[in-house]
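Working from the sequences, and respecting the hints, build out all of it.
Sequences listed follow chains V and D, in order. Its first residue numbered 101, the first sequence is counted upward by one per residue in the working numbering. Its first residue numbered 396, the second sequence is counted upward by one per residue in the working numbering.
Calculated from the structure, these hints are not laboratory results. Each hint should be verified, as a subset may be incorrect.
Stated by the list, open to error - In the SDA-like style, the derived pairs of lysine to any residue whose C-alpha atoms are separated by at most 25 Å in a straight line are:
1. V:LYS545 to D:ARG464
2. V:LYS545 to D:GLU510
3. V:LYS545 to D:GLY619
4. V:LYS304 to V:ARG354
5. V:LYS487 to D:GLU465
6. V:LYS545 to D:PRO620
7. V:LYS304 to V:ALA158
8. V:LYS545 to D:ASN643
9. V:LYS545 to D:LEU651
10. V:LYS545 to D:THR570
11. V:LYS545 to D:SER644
12. V:LYS487 to D:ARG536
13. V:LYS487 to D:SER644
14. V:LYS487 to D:ALA513
15. V:LYS545 to D:PRO591
16. V:LYS487 to D:ARG561
17. V:LYS545 to D:GLU465
18. V:LYS487 to D:ARG626
19. V:LYS255 to V:ALA199
20. V:LYS487 to D:ILE522
21. V:LYS487 to D:ALA535
22. V:LYS487 to D:ASP505
23. V:LYS487 to D:ARG464
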Amino acid sequence: MLAVDVAAERLGLAAGLALAQARAMHPTLTAVPEDQEADARLLDAIADACQRYTPLVAVDPPDGILLDIGGCAHLFGGEEKLRDDLLARMTHLGLLARAAIATTIGAASAAARFGDATTTADAGRDGRERLAPLPLAALRLPDEIVAALARLGLKRIGDILDLPRSPLAARFGADLLRQIDRALGHEDEPLTPRLPVPPYVAEKSFHEPIAREEDVLACIVRLAARLETALTARGDGARRLELALFRTDGAVKRIAVGTSRPLRDPQAIRALFVERLAALGDEIDPGFGFDLARLSVLNAETCTDEQIGLGTREDPAGLDRLIDRLSARLGRRRVSRLVARDSHIPELAAAFVPAQAMTRAEFGWDAFRRFHAEAGLRQHPLRLLAKPEPIADVFALVPDGPPARFRWRRALHEVVHAEGPERIEGAWWSEEGGPARDYFHVEDKAGLRFWLFRAGLYRDTTLSPPRWFMHGLYA
Amino acid sequence: MATAPLRSSPAEEVTARIEQLRRQLGALEALGGHTGECGALLALGNPVIDGALGGGLGSSALHEIAAAREAEVAAASGFALALAARMTSGRERAVLLPASGRNVIWIAEDLSLIENGALYGPALDGIGIAPERLITVAVARMRDVLWAMEEALRCRAVGMVVGEMRPGGIDQVATRRLALAAAAGNAIGFILYTAPDDAPSAAVTRWIIGTASSLNAERGDGIGPPRLLARLARNRRGPLGTWIVEWNSVEQRFELATHSEPVAGAAFDRPHRTAVA
Chain V
101 MLAVDVAAER
111 LGLAAGLALA
121 QARAMHPTLT
131 AVPEDQEADA
141 RLLDAIADAC
151 QRYTPLVAVD
161 PPDGILLDIG
171 GCAHLFGGEE
181 KLRDDLLARM
191 THLGLLARAA
201 IATTIGAASA
211 AARFGDATTT
221 ADAGRDGRER
231 LAPLPLAALR
241 LPDEIVAALA
251 RLGLKRIGDI
261 LDLPRSPLAA
271 RFGADLLRQI
281 DRALGHEDEP
291 LTPRLPVPPY
301 VAEKSFHEPI
311 AREEDVLACI
321 VRLAARLETA
331 LTARGDGARR
341 LELALFRTDG
351 AVKRIAVGTS
361 RPLRDPQAIR
371 ALFVERLAAL
381 GDEIDPGFGF
391 DLARLSVLNA
401 ETCTDEQIGL
411 GTREDPAGLD
421 RLIDRLSARL
431 GRRRVSRLVA
441 RDSHIPELAA
451 AFVPAQAMTR
461 AEFGWDAFRR
471 FHAEAGLRQH
481 PLRLLAKPEP
491 IADVFALVPD
501 GPPARFRWRR
511 ALHEVVHAEG
521 PERIEGAWWS
531 EEGGPARDYF
541 HVEDKAGLRF
551 WLFRAGLYRD
561 TTLSPPRWFM
571 HGLYA
Chain D
396 MATAPLRSSP
406 AEEVTARIEQ
416 LRRQLGALEA
426 LGGHTGECGA
436 LLALGNPVID
446 GALGGGLGSS
456 ALHEIAAARE
466 AEVAAASGFA
476 LALAARMTSG
486 RERAVLLPAS
496 GRNVIWIAED
506 LSLIENGALY
516 GPALDGIGIA
526 PERLITVAVA
536 RMRDVLWAME
546 EALRCRAVGM
556 VVGEMRPGGI
566 DQVATRRLAL
576 AAAAGNAIGF
586 ILYTAPDDAP
596 SAAVTRWIIG
606 TASSLNAERG
616 DGIGPPRLLA
626 RLARNRRGPL
636 GTWIVEWNSV
646 EQRFELATHS
656 EPVAGAAFDR
666 PHRTAVA
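Following this line, the structure appears as C-alpha cells:
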C-alpha cells in the first residue's frame, strides 16, 4: 500500500503495509491501483490553481507544491491569510492539504510535512528552533541515510545540528550537510518555477465570479490598459499575450494570442481575444464563473512609435492587424506567407511560413529570381500537389521520353504536346528527394497542362520499370 | 393665372419624370451596394474584353470565377492570379492604389488544397505577381472562407481577395455581404469556385474558365503560354461573351488567341449597350 486516507488511518492502516495483510484485517477495504500519471496531472492542476497567488510556483513531486510568496503576500492580507485562503480552497476541492510558510524551501517543506501545521505559520522565528524537534526525514534525505543516523540514535534534526560537521560529512556524505544548510538558509536553494515568469502581468480578482463573455472582454480591456502603461514606460510592445482565467473550482483556462508586430493598444488586444474566444466557442467552460483574471505578456519586443501620415489613408499596420485577427481565429499556422528556400527539389523550393513569424524582407524571392534568370529555368506549375500522386497506364513511345498516354484520378489523358525532360536529382550528400526524377511538362487533348515525372532512370532500374507521378498543374 | 409656372409640354414632363426615377433608382442601388460604378476599373488589357466589361472589372466589387471542370481549377486560379498581377504590378493605371494596399489574400479550403494542390511560389513569379505580395490562408470549413474573405475585403491594406471553395452552400445573403465588404474596403473580391455554379449571387461578373489547347502553328512544337477559354457568363454592366485568351506575362495583359478555333459569338443581352466583340 502506497497511501491511505483518513478513514483507513483511523483503522490503524498505514502506507507500506502489504495489501493482503490489510485485507485480512479489514475485508471491506477498497483499494485503487496506483496511477502515477494521474497523480502528476492532479498535482499539476493544483499547481496551476496556485498560480493565482504568485507566478513563482514549482511542483515538488510526488505530493508537494512550492510557492514563492515573497513580495505578494500583502495582496492577500498577509502570509497567514494567504495560507488560510489556500487551505480553504484545497478543502473546497476535497483535498487534504497542509501548508507551512518559512524562509527556506527546506524549512517550509519540513514544517508542512512533519511539523504541526497549525502552528508553523511563524516565518520570522529562528529556523533552528523550529527545525530541531522535527524528525530527520523532514530534511528530504535518502532513506538509507535516515536509517543509518537512526541506528546511531540520531532521530531528530536537533540531534545533529550541533554535531561537528566534518565527521558527519565524512560518514554520511556532503548531501546531509547541504540539506541542513539549505533548510537553515546558509545555502541558497533556487526555486524553479514550472512556468516562465512573464515580463508583464496585470490581474484582477472578482468578489462575484464572472462568466459572461462580455464581462471577460471588458476585463481584458481594463487589464490591457494597465499593461499599456507599463509597456509604454519601458518602450515595449507585446508579441504574445496570455489570458489566464481562474475558475472558482480551481481549474485554470489559458488563452494565448500572438501578434505580428509589437502591440500596446487595449482595443486591438481585445479584438484579438474576441477572435480567439469565438474560435474556442464552448471550450471555455466558465462553470460557476471565474474569480480571477490575469493578462500576461509572454513575449515583449521593443516597439518603435510610428508617425501616421497626415491626410493619407495609408495604414501600414492594417495588414498586420488583419494577419493577427485571422491567425487568432483560425490558428497561427493557417495564415502563411510564401518563402523561397534554397533547394532545387521542387517540393522543398518554396515553403509556407506563418505570416506572424515573418518580419520584413526575408522572403528569399530576390535570390530565387536571380538564380531563375541565370539558370534559364522552365516555367513551373501554378499549383503543386501536396504529395506526388502515382499515375497509371503510362505509355511512352521511347523509354526515356514523355508519356503519350496516362491515367490520373481515373481519367485517361492523351498527350498532345510535351516538353522535357528536366532532370532533378537529390544532392549527393543526402537522400532527400529520392531517386532522380525526369520532369515533363505535358498538355493533353483538352488543353489541360500537367507537370509529371518519372522516378528513377531506366538505366538504374534493371528489374522493375520506373514509376510515374503527377506533381503539379499548370494554368 | 399669372403666378402659376408655365406648364411644360407633356413630352418634357415625361423626360423629367424619367430622370427623377433614374436618380431614385441610382440612390437605391447605391444603398444596395451594387451601383453601376464599382470603384476604379481593373482592365484586362484587351480592348475587346474590356469593351464588353465597360472598361474593366469593378475594383471595389465582388466577382466570381468558376472552373469549367474540377480539373481546370488551376486554369481558373491562373486567371485570378493574372488579374492579381495586373493589379499589383501598378501597370494598371486606372487602379491607383497605395503601395501598401496591393496585397493579395488567397483563402482556400483544406479540401480544395488537397485536391487541387497549393499555390506554388516559383510559378507566381512567372505569371507576374510577386510572391511577397501574397498571403495564403488555409481554412477547415467553408464558413471560415467566407468569414476570412469578409475580414480581408474590409482591410484597407488589401487590394484583392480570392476565396477558393466548392460551389453550393453559399447563398445570396453571403455574396451580398461580401459585395458590401468589397465596396467598403475598396478591394476586389473573387469567389473561385471549383466547378460552375448557377446560384443567384450579388457578384458583378461571373466567369467560367477552362483550358484551351495551346496548339500553335506559328510557334511550332512546344507548349506556349497559358491559354484559357474564358466565358463571361454574367455581366451586370454589359454583354456576355466567350474568348480564348492568352496571358502575356511580359506585358502583363490578356491577348486574344489569334489562331484559335472559332468560338461562339458573344451573346448580347443588353441591347442598349454598344457591344464590342
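Exercise. Looking at the structure, which of the earlier hints fail to hold?
Worked result: Of the numbered hints, 10, 13 and 18 do not hold.
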